[in-house]
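S.K.: Next come the chains, spelled out residue by residue.
Number of protein chains: 2
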Amino acid sequence: MELMKEEDFSIWYHKVLEEAGILDMRYPIKGMLIYRRWGLFIIREMQRFLEKRLEDVGHEPCLFPVLISEEVLEKETDHIAGFEEQVFWVTHAGKNLLERKLALRPTSETPMYESFSLWIRSHTDLPLKVHQSVSVYRYETKHTRPLIRGREFLWNEGHAAHATARGAAENVEEIKGIYRELITDFLCIPALIDRRPEWDKFPGAVETYAFDTLMPDGKTLQIGTAHNLGQNFSRVFNIQFETADGGKEYAYQSSYGPSFGRLLAALIGIHGDAKGLVLPPLVAPVQVVIVPIIFKKTEGEVAQILEYVRKVKDRLSSMGLRVEIDASDKRPGDKYYFWEMKGVPLRMEVGPRDLAAGKVVYARRDTGEKKELLFDELSQVSGIFEDIAASLRRKAEEKMNACQFAVKGYPEFESALGKGFVSAGWCGGKACADKIEETASILSVMDEPGVCVVCGKPGKAIRAAKTY
Amino acid sequence: MELMKEEDFSIWYHKVLEEAGILDMRYPIKGMLIYRRWGLFIIREMQRFLEKRLEDVGHEPCLFPVLISEEVLEKETDHIAGFEEQVFWVTHAGKNLLERKLALRPTSETPMYESFSLWIRSHTDLPLKVHQSVSVYRYETKHTRPLIRGREFLWNEGHAAHATARGAAENVEEIKGIYRELITDFLCIPALIDRRPEWDKFPGAVETYAFDTLMPDGKTLQIGTAHNLGQNFSRVFNIQFETADGGKEYAYQSSYGPSFGRLLAALIGIHGDAKGLVLPPLVAPVQVVIVPIIFKKTEGEVAQILEYVRKVKDRLSSMGLRVEIDASDKRPGDKYYFWEMKGVPLRMEVGPRDLAAGKVVYARRDTGEKKELLFDELSQVSGIFEDIAASLRRKAEEKMNACQFAVKGYPEFESALGKGFVSAGWCGGKACADKIEETASILSVMDEPGVCVVCGKPGKAIRAAKTY
Numbered sequence: 002m003e004l005m006k007e008e009d010f011s012i013w014y015h016k017v018l019e020e021a022g023i024l025d026m027r028y029p030i031k032g033m034l035i036y037r038r039w040g041l042f043i044i045r046e047m048q049r050f051l052e053k054r055l056e057d058v059g060h061e062p063c064l065f066p067v068l069i070s071e072e073v074l075e076k077e078t079d080h081i082a083g084f085e086e087q088v089f090w091v092t093h094a095g096k097n098l099l100e101r102k103l104a105l106r107p108t109s110e111t112p113m114y115e116s117f118s119l120w121i122r123s124h125t126d127l128p129l130k131v132h133q134s135v136s137v138y139r140y141e142t143k144h145t146r147p148l149i150r151g152r153e154f155l156w157n158e159g160h161a162a163h164a165t166a167r168g169a170a171e172n173v174e175e176i177k178g179i180y181r182e183l184i185t186d187f188l189c190i191p192a193l194i195d196r197r198p199e200w201d202k203f204p205g206a207v208e209t210y211a212f213d214t215l216m217p218d219g220k221t222l223q224i225g226t227a228h229n230l231g232q233n234f235s236r237v238f239n240i241q242f243e244t245a246d247g248g249k250e251y252a253y254q255s256s257y258g259p260s261f262g263r264l265l266a267a268l269i270g271i272h273g274d275a276k277g278l279v280l281p282p283l284v285a286p287v288q289v290v291i292v293p294i295i296f297k298k299t300e301g302e303v304a305q306i307l308e309y310v311r312k313v314k315d316r317l318s319s320m321g322l323r324v325e326i327d328a329s330d331k332r333p334g335d336k337y338y339f340w341e342m343k344g345v346p347l348r349m350e351v352g353p354r355d356l357a358a359g360k361v362v363y364a365r366r367d368t369g370e371k372k373e374l375l376f377d378e379l380s381q382v383s384g385i386f387e388d389i390a391a392s393l394r395r396k397a398e399e400k401m402n403a404c405q406f407a408v409k410g411y412p413e414f415e416s417a418l419g420k421g422f423v424s425a426g427w428c429g430g431k432a433c434a435d436k437i438e439e440t441a442s443i444l445s446v447m448d449e450p451g452v453c454v455v456c457g458k459p460g461k462a463i464r465a466a467k468t469y
Numbered sequence: 002m003e004l005m006k007e008e009d010f011s012i013w014y015h016k017v018l019e020e021a022g023i024l025d026m027r028y029p030i031k032g033m034l035i036y037r038r039w040g041l042f043i044i045r046e047m048q049r050f051l052e053k054r055l056e057d058v059g060h061e062p063c064l065f066p067v068l069i070s071e072e073v074l075e076k077e078t079d080h081i082a083g084f085e086e087q088v089f090w091v092t093h094a095g096k097n098l099l100e101r102k103l104a105l106r107p108t109s110e111t112p113m114y115e116s117f118s119l120w121i122r123s124h125t126d127l128p129l130k131v132h133q134s135v136s137v138y139r140y141e142t143k144h145t146r147p148l149i150r151g152r153e154f155l156w157n158e159g160h161a162a163h164a165t166a167r168g169a170a171e172n173v174e175e176i177k178g179i180y181r182e183l184i185t186d187f188l189c190i191p192a193l194i195d196r197r198p199e200w201d202k203f204p205g206a207v208e209t210y211a212f213d214t215l216m217p218d219g220k221t222l223q224i225g226t227a228h229n230l231g232q233n234f235s236r237v238f239n240i241q242f243e244t245a246d247g248g249k250e251y252a253y254q255s256s257y258g259p260s261f262g263r264l265l266a267a268l269i270g271i272h273g274d275a276k277g278l279v280l281p282p283l284v285a286p287v288q289v290v291i292v293p294i295i296f297k298k299t300e301g302e303v304a305q306i307l308e309y310v311r312k313v314k315d316r317l318s319s320m321g322l323r324v325e326i327d328a329s330d331k332r333p334g335d336k337y338y339f340w341e342m343k344g345v346p347l348r349m350e351v352g353p354r355d356l357a358a359g360k361v362v363y364a365r366r367d368t369g370e371k372k373e374l375l376f377d378e379l380s381q382v383s384g385i386f387e388d389i390a391a392s393l394r395r396k397a398e399e400k401m402n403a404c405q406f407a408v409k410g411y412p413e414f415e416s417a418l419g420k421g422f423v424s425a426g427w428c429g430g431k432a433c434a435d436k437i438e439e440t441a442s443i444l445s446v447m448d449e450p451g452v453c454v455v456c457g458k459p460g461k462a463i464r465a466a467k468t469y
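The listed protein sequences derive, respectively, from chains C and F. Counted from 1, the first sequence has number 428 at position 427 by my numbering; the numbering is strictly sequential. Counted from 1, the second sequence has number 197 at position 196 by my numbering; the numbering is strictly sequential.
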């Protein structure tokens, strides 16, 4: 494709989504997407990784209905105030008007906490932790963008109830650690954790933490959040438990979710290049593509090379790798172009000389570097994959670190916006926040002191950025 | 629980669903369920098995939106006529009335075939086969039953387009084979394949095949279907391809889906007993539970037994088995009762004498049979699992075979209904079909001759039953 993503990220991004078979964006309802094999595979790998880690620390999988009754959704007033503009409502079934309208879940705190109030009786029932991987529905009125802002999106949502405030806070910390593993260890995406300002918290939460990463166009993207809900929901949904000494108390809750769509968008945007996708090996649908190189087309030679190629494939498959042979009629150059565009981490080329020498030539997608491996050295592929992942992670981290700016005055602030994360100060006043948020978002208000970038009065340090 | 399922299947069934942690049935919207860990695990195993088999024969996974525009849903007139009473409609978003109402997918032929018309251009694009595992939504007005008849249910739907009528027909045959593997090989559930009569075909189909199994109360349950759609949809959705000789033709299509909920209902109903669930080992969330038996509670003895128990667990886990140790404070009898109710295929008991002799005592959930294994013989567990699966399958088959009745006259027909599958004859006339369907359903009209059970005139053989 040879399209520089830095020049026009939006054009590059749409082209990659389409050509690489991530999505079909022609679905006739705004903000809704058709996930195709290549995109769905990557999402399923993220989901599997995350679900396993959540279950390792005691979350039970569950699946709640997509429909929520109006009465349940509207119980917690801050919560519904935050979501009421975004809810899709089912009002009819067949030719009947329903007695009460039903919401498509925008998130599942309310129906789940109805159940928590039935499931939790005693302190011995706590902590209770559940998770589900589902689609949620929000009627976005802003401009939609595939995977980034849509009306149907895929996520995992975790929900917990603890006996103490400390238990809930520790759970939020544990989740931040797990999300860090998913985002940075598994997907090689760097991210900062920001504590959102009061006005940008999850509706009904006491505290909201967000993972923000940086896209190639200099805007930040929120890819996951974790909320300490305190007792806000447990009081409304009557989630009470008997304490060890026979008293009654409301549970302390937390909820959290990464967006698989936004993680995929970040993965594509951050690692991709002019040739298309660049995938970290662990999530690549095809990890190694083998291209047989055939010059003299004598039948014997073709058969010999294909036999050797299959032997290489079998060896790699027996290591648990996902391998494909491209024995199509296309010219080798066209095959290279195609599989590079699809982001396959390693290409192996096998021609008559490789066959004779019992080796393969491999090319790394991320660096283009070409080397050789003997057949007996194929077990080294796992190590090469680790190298690729480490290198993608390091490059992305370096790039993000180079896009962090500390500014003092307003002109400097304004000119840094759109280039990355901007560290500044804010006095705490509404007028100055409004001024800042005319062109940027305050991602985080920190505990350290800072000088207000608008009025110059002392206040707190903030991190701001142009955001998606 | 000690509740005979034969005496009142409905009470037994609800009790098992609740006590074994399959479902929470208290969700405040009729026909919608909360899936809990035990039930969800079994469904995910079915899903994984099926998806793998479908992908082995060339299906690509995909994921389409849950919402379908009215215009697309209503394109095929037979199809919408069949579903219009059952569709949930989204009419509002936030406080806005939508310009056009949107349907929750009752099935996905229509939106998928819109895309097929974009994806298919040439005979080289065929066959095209896709599948997705999703929830579908149907406003059932009949009495709902958990997993059997609900308004939200989990399934996998496969969709294919072929260049020839023969290709489509062969695909339906291949799918019947794959569903047979899922149902009978994997889940140990016997089933008959019935070709549905004209009036009971899928809306828009040329032919509908259904897998029917027999529940303990003598009613049959449709657990999966496969439809040959001919060119009905391709003509309406303009799925045309260029043939090898440059002509144009409409594709031949098929669609198919098993209901994971109904498969789970059949699994529970058919294999369960007075003590609760009996699970085939391959789908059991816990395959082996180890219960340490401790008499003299000296610390040294407890530690020794627990160490041995962990060694047994590690050995079994290294074989890829799902193993749990129940070291809770409950009495052994209570533990047995609990894990039997949950359907765990194998219980191992380990006391001081077993430790001394380097063995374990095991009890099979399906037969109650108790035997011993030396530690070094633990690899035999895989073989025991195969025995358990074969035995469950055989017992269920024998039971179903004993419930097949061939009848001649109407009184005999009527008295056989509700006891299983009834083979009879039907003249082909509407009045006689109506009479039969007053109390039964005609599952299948066969090619062999038969004498009408109502009027006595010659006609075709049929299979009938009372159905869910």
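It is possible that part of the hints are untrue.
If chains are identical, the list can't say which one is meant, so a pair holds when it fits in one copy or spans any two.
As the list claims (entries may be wrong) - For lysine to any residue, the following SDA-like pairs were computed, each having C-alpha atoms within a straight-line distance of at most 25 Å:
1. 371 - 316
2. 331 - 243
3. 458 - 219
4. 53 - 39
5. 409 - 467
6. 177 - 456
7. 102 - 141
8. 31 - 63
9. 130 - 325
10. 76 - 30
11. 96 - 311
12. 431 - 456
13. 31 - 137
14. 130 - 54
15. 400 - 135
16. 53 - 314
17. 249 - 86
18. 314 - 72
19. 458 - 432
20. 53 - 458
21. 177 - 39
Since the hints were made in silico from the structure, they are not lab data.
S.K.: Indicate, hint by hint, whether the structure satisfies it.
M.R.: Comparing the hints with the structure gives:
{"no.": "1", "hint": "371 - 316", "in the structure": "within (20 Å within a copy, 43 Å between copies)"}
{"no.": "2", "hint": "331 - 243", "in the structure": "between (70 Å within a copy, 22 Å between copies)"}
{"no.": "3", "hint": "458 - 219", "in the structure": "neither (28 Å within a copy, 81 Å between copies)"}
{"no.": "4", "hint": "53 - 39", "in the structure": "both (22 Å within a copy, 16 Å between copies)"}
{"no.": "5", "hint": "409 - 467", "in the structure": "within (17 Å within a copy, 79 Å between copies)"}
{"no.": "6", "hint": "177 - 456", "in the structure": "neither (34 Å within a copy, 73 Å between copies)"}
{"no.": "7", "hint": "102 - 141", "in the structure": "both (20 Å within a copy, 17 Å between copies)"}
{"no.": "8", "hint": "31 - 63", "in the structure": "between (29 Å within a copy, 19 Å between copies)"}
{"no.": "9", "hint": "130 - 325", "in the structure": "between (40 Å within a copy, 19 Å between copies)"}
{"no.": "10", "hint": "76 - 30", "in the structure": "between (30 Å within a copy, 16 Å between copies)"}
{"no.": "11", "hint": "96 - 311", "in the structure": "neither (58 Å within a copy, 60 Å between copies)"}
{"no.": "12", "hint": "431 - 456", "in the structure": "within (11 Å within a copy, 86 Å between copies)"}
{"no.": "13", "hint": "31 - 137", "in the structure": "both (15 Å within a copy, 21 Å between copies)"}
{"no.": "14", "hint": "130 - 54", "in the structure": "within (13 Å within a copy, 33 Å between copies)"}
{"no.": "15", "hint": "400 - 135", "in the structure": "neither (33 Å within a copy, 39 Å between copies)"}
{"no.": "16", "hint": "53 - 314", "in the structure": "between (29 Å within a copy, 20 Å between copies)"}
{"no.": "17", "hint": "249 - 86", "in the structure": "neither (36 Å within a copy, 48 Å between copies)"}
{"no.": "18", "hint": "314 - 72", "in the structure": "neither (57 Å within a copy, 47 Å between copies)"}
{"no.": "19", "hint": "458 - 432", "in the structure": "within (13 Å within a copy, 90 Å between copies)"}
{"no.": "20", "hint": "53 - 458", "in the structure": "neither (48 Å within a copy, 63 Å between copies)"}
{"no.": "21", "hint": "177 - 39", "in the structure": "neither (28 Å within a copy, 27 Å between copies)"}
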